[in-house]
Amino acid sequence: MQIWVGVVLFAFALVWLAVLWWVAAQASREVPYEGVSQVVSRVRRLGVPIVALVLAVAFLVSLPFLPFPSARSARLGSPATSVEVTGRMWAWELSQTRIPLGQTVEFVVTAVDVNHGFGIYDPSGRLVTQVQAMPGYTNRLLFRFDEPGTYTIRCLEFCATGHHLMVTEFVVE
Amino acid sequence: MEQAQAKGMTTTVQRSVEQATLVYLLVGFAVFLLMGILGLLMRLQHSGLLQLDPRWFYRIMTLHGAGMVAGILLASLGGVARVIAPRIGLSPRLLWSAFVVYFLGSGLVILSTLVGGFAAGWTTTYPLPVRGDWPASASWGFLLGYTLVAVAFLLWCLAVLVGASRAFGGLGNALAWPILFRRPDAAQRPTPTGSELAATVVAVDGVIAVVAGVVYLVPIFAELLGVIEGFDVLFAKNMLFLFGHTLVNLNIYLAVALVYATLGAYTGRQFRMSFPIALAFNLVILLVLLPYFHHLYQDFVQPWPLHLIGQFGSYAVGVPAFFVTIVGSLGLLYGARVRWSAPVIFILAGLWGWTIGGVAAVLDGTIAINNLMHNTLWVPAHFHSYYLFGAAGFTWAFLFHTLGGPDGWVRTIWARRLSLLYALGAGGFVTAFFLSGLQSVPRRYPVHIPEWQGLAQLAVPFVLLLGIAFLGLAMYVLGSVASAWRATQPVAAGDD
Numbered sequence: 000m001q002i003w004v005g006v007v008l009f010a011f012a013l014v015w016l017a018v019l020w021w022v023a024a025q026a027s028r029e030v031p032y033e034g035v036s037q038v039v040s041r042v043r044r045l046g047v048p049i050v051a052l053v054l055a056v057a058f059l060v061s062l063p064f065l066p067f068p069s070a071r072s073a074r075l076g077s078p079a080t081s082v083e084v085t086g087r088m089w090a091w092e093l094s095q096t097r098i099p100l101g102q103t104v105e106f107v108v109t110a111v112d113v114n115h116g117f118g119i120y121d122p123s124g125r126l127v128t129q130v131q132a133m134p135g136y137t138n139r140l141l142f143r144f145d146e147p148g149t150y151t152i153r154c155l156e157f158c159a160t161g162h163h164l165m166v167t168e169f170v171v172e
Numbered sequence: 000m001e002q003a004q005a006k007g008m009t010t011t012v013q014r015s016v017e018q019a020t021l022v023y024l025l026v027g028f029a030v031f032l033l034m035g036i037l038g039l040l041m042r043l044q045h046s047g048l049l050q051l052d053p054r055w056f057y058r059i060m061t062l063h064g065a066g067m068v069a070g071i072l073l074a075s076l077g078g079v080a081r082v083i084a085p086r087i088g089l090s091p092r093l094l095w096s097a098f099v100v101y102f103l104g105s106g107l108v109i110l111s112t113l114v115g116g117f118a119a120g121w122t123t124t125y126p127l128p129v130r131g132d133w134p135a136s137a138s139w140g141f142l143l144g145y146t147l148v149a150v151a152f153l154l155w156c157l158a159v160l161v162g163a164s165r166a167f168g169g170l171g172n173a174l175a176w177p178i179l180f181r182r183p184d185a186a187q188r189p190t191p192t193g194s195e196l197a198a199t200v201v202a203v204d205g206v207i208a209v210v211a212g213v214v215y216l217v218p219i220f221a222e223l224l225g226v227i228e229g230f231d232v233l234f235a236k237n238m239l240f241l242f243g244h245t246l247v248n249l250n251i252y253l254a255v256a257l258v259y260a261t262l263g264a265y266t267g268r269q270f271r272m273s274f275p276i277a278l279a280f281n282l283v284i285l286l287v288l289l290p291y292f293h294h295l296y297q298d299f300v301q302p303w304p305l306h307l308i309g310q311f312g313s314y315a316v317g318v319p320a321f322f323v324t325i326v327g328s329l330g331l332l333y334g335a336r337v338r339w340s341a342p343v344i345f346i347l348a349g350l351w352g353w354t355i356g357g358v359a360a361v362l363d364g365t366i367a368i369n370n371l372m373h374n375t376l377w378v379p380a381h382f383h384s385y386y387l388f389g390a391a392g393f394t395w396a397f398l399f400h401t402l403g404g405p406d407g408w409v410r411t412i413w414a415r416r417l418s419l420l421y422a423l424g425a426g427g428f429v430t431a432f433f434l435s436g437l438q439s440v441p442r443r444y445p446v447h448i449p450e451w452q453g454l455a456q457l458a459v460p461f462v463l464l465l466g467i468a469f470l471g472l473a474m475y476v477l478g479s480v481a482s483a484w485r486a487t488q489p490v491a492a493g494d495d
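Protein chains in written order, with numbering that gives the first Met the number 0: chain A, 0 to 172; chain B, 0 to 495.
None of the hints are false.
Chain A stretches covered by chain B per the calculated footprint, using a threshold of three residues with CB under 8 Å from any CB of chain B:
| no. | segment |
| --- | --- |
| 1 | 3-16 |
| 2 | 53-67 |
| 3 | 118-128 |
Example chain A residues on the side facing chain B (calculated, C-beta under 7 Å, incomplete):
| no. | residue |
| --- | --- |
| 4 | Gln25 |
| 5 | Ala26 |
| 6 | Val30 |
| 7 | Val113 |
| 8 | Asn114 |
| 9 | Gly135 |
| 10 | Asn138 |
| 11 | Arg153 |
| 12 | Phe157 |
Label pairs and their in silico Cβ distance ranges:
| no. | chain 1 | residue 1 | chain 2 | residue 2 | range |
| --- | --- | --- | --- | --- | --- |
| 13 | A | Ala51 | B | Leu170 | 23 to 31 Å |
| 14 | B | Asp406 | A | Thr151 | 56 to 64 Å |
| 15 | B | Ser96 | A | Val14 | 43 to 51 Å |
| 16 | B | Ala221 | A | Ala17 | 53 to 61 Å |
| 17 | A | Pro63 | B | Val213 | 36 to 44 Å |
By construction, these hints were calculated from the structure, which means they are not laboratory data. For each residue, glycine too, the CB sits at the ideal point set by N, CA and C.
Chain A with its partners taken away, still in its complex shape (with noise of 0.2 Å):
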C-alpha cells in the first residue's frame, strides 16, 4: 500500500511541477487578462466537478478497507484468538507473544498512563497495522498475519522521554 501512496503523491508532485513551471515560463510573455480570466473561469467550472468526483469514487472505495473492528470482521472473519496488550511508560504488556499464521487475531488494547500507538511492523520493517492505547478506553484491532516471523511493536504516539525505547516483538508461527 505504501509503495502506491508513494506512486501517486511523486507523480502528482511531477506533473504540477510541470504546470508550474510552464506557467512560469509563460509568465514573461503579455496576455491581457481578460483572455486569461476566462480561461480560469473554465477551469473552475470543469475542474470543481470533476475533482470533486473523484474525491467521491476515492471516498466510496476507501470504505471496505476502514480498520475498524468491524470492517475488519467482515473482510477477514471472526477472530480466532485475542491478544490483550497494555501499553505504560515505557513497555508493552502482551498476553501472549505468539501469534497464529494465516488466523484472524483481535488485540485488545488499552494503557495505563497516558496515550501511546500500538505499531506492528512486519520482518521488513514495514508497518501493516495500528492502533492508539488509550488510558480508560479499550480499542480492539483485528488482523490477519499471512508471513511467518518476528514482528516488532513500535509506540506511534509521543509519551514522553523513553517513547522510542517502547519496542517489543511477537512471532508469528
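Guided by the hints, dock chain B onto chain A, whose structure is given.
Okay, now just chain B, sitting in the frame of chain A:
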C-alpha cells in the same frame, strides 16, 4: 482645517500600525530562523551525525514545533494586520498589547522547555502534560505560555471582527454575503477585498479554535491544581485538535491574504472579489473545522460517523483553496510580464508545496491509508510542505515585498538566486521526509536505526541549502530594516 487634521491623524495611526506590524513580521522571521536551527539539529540527530541525549532531543522537538507555529503565526498576523488596517482600522495600541502578551507567552514556552525540561511535544496531548517526566512547574509554564499566545490571537481575531463589522456595515457584508447570495443591491454595499475576507474568515474560526483551546486547557490546569483527578482522554483529544489543527490551518489562510496583497505589485493584476472567492471563503468557515478528526482515526472508540466526517473534511477543505487561490494566482501570473523577484519565486514555490502538502493530507486523510501512515514521518512531510512552502513561504514573500519591493533588492539577481536555492532546499528536505514516511519511519524518535538514517542523511544537505538561502535573505532583510522603520515614523498632522 478639520479635514487636514483628521487626515494627518489617520496617517499617524496608519504609520503606528505599520511600525507595530513590522515588528510582528521581523520577530516572527527571527523566531523562524532560530527554530530552523533546531530543526537542523533534529535531522542531524536522525542521520546519526549528532548524538543528543533523548531528553534534549524531545525538548528541542517540543520547542521547534511550538516556536515554528508561534513565529510564523505572529508574522502572518502582523502582515495581514498591515494589509487590512487602512480600511478595517486596527488600533496600534491593541496590536502592541497583543504583541506583548504573545511575546510573554512565547518566553514562557522557551523557558519551560529549555530550562524547565518540558517535552510533551508541541501538541501536548493530555494526559502527557500532567504525567510526563518533568517538573509540574514546567508544565505550568508551557501551558500558561500557550494560554497567553491564545489570548493574543483572540485579541487579534476580536479586533478584526469588530473592525470589519464596522467598516462594512455588518459581519455579513464583511463576509461578502451580498455577492455570495447575489443580492440585487450588492454593488451598492461595501465589498471586502480578498485579504479582508480571508482575515475575517480566520477571525471567525479563530474564536472557535480558541474556545476549544480553553475547554482543553482549563481541566488540565484544574488537575495540576489538584481540583480534579483527571478527565476523559478522548474528549481532550477532540478539543486539542479542534484547537491546534484549526489554528495551524488558519495560518495558511492568513498567508493567502498576504499572497493577495503581494502578487498585484509584480503582475499588475489584482484578485477581484467575485462569487467564486466569496463562496470559497464562506465554505472554508465550516470546512476548516472538520479535518481535525483525522488526528483521531486510530482512536477506534471515537464514534465512527466522526471518522467519516474527518475524511470528508480532509477531502473537501482543499478544493475551494485550490480552485480559488491557487488557480487564481496562476491566472494572475500567466502572461503578466511578471517582474521576477524573491516574493514571486516564494509564492510560486509556495503554490507548488502547498498543493503537494494538500495532496499528501488527502492521502493521509483517507482512513484506510492513515492506518499505515499515521505518526510516521509522512505526517511531518505533509505539514512541512504545507508550512514551509505555504504558510511561511507566503508570509516571507510579503515580508520581502514590504522591505524591498517591488523595485528594490528583491529583484536583484542574488535575491532571486537565494529564493531559488530556498525552493530547491525545501523541495529536497520535504522529499526526504515523504520517502521516510513511505519507509514507515516513526515520527518523534530521537534515535534512528541504521536502516532509517540514509534518508535523514539525504535531507541534511537540503536543510543546509535552506540555511544558506535564508542566511542570505536575512542579510537583505537586515539591510533594509532601518529604512523601513524610518518610513513608519509618525509625521506631523498634514505632513504627508
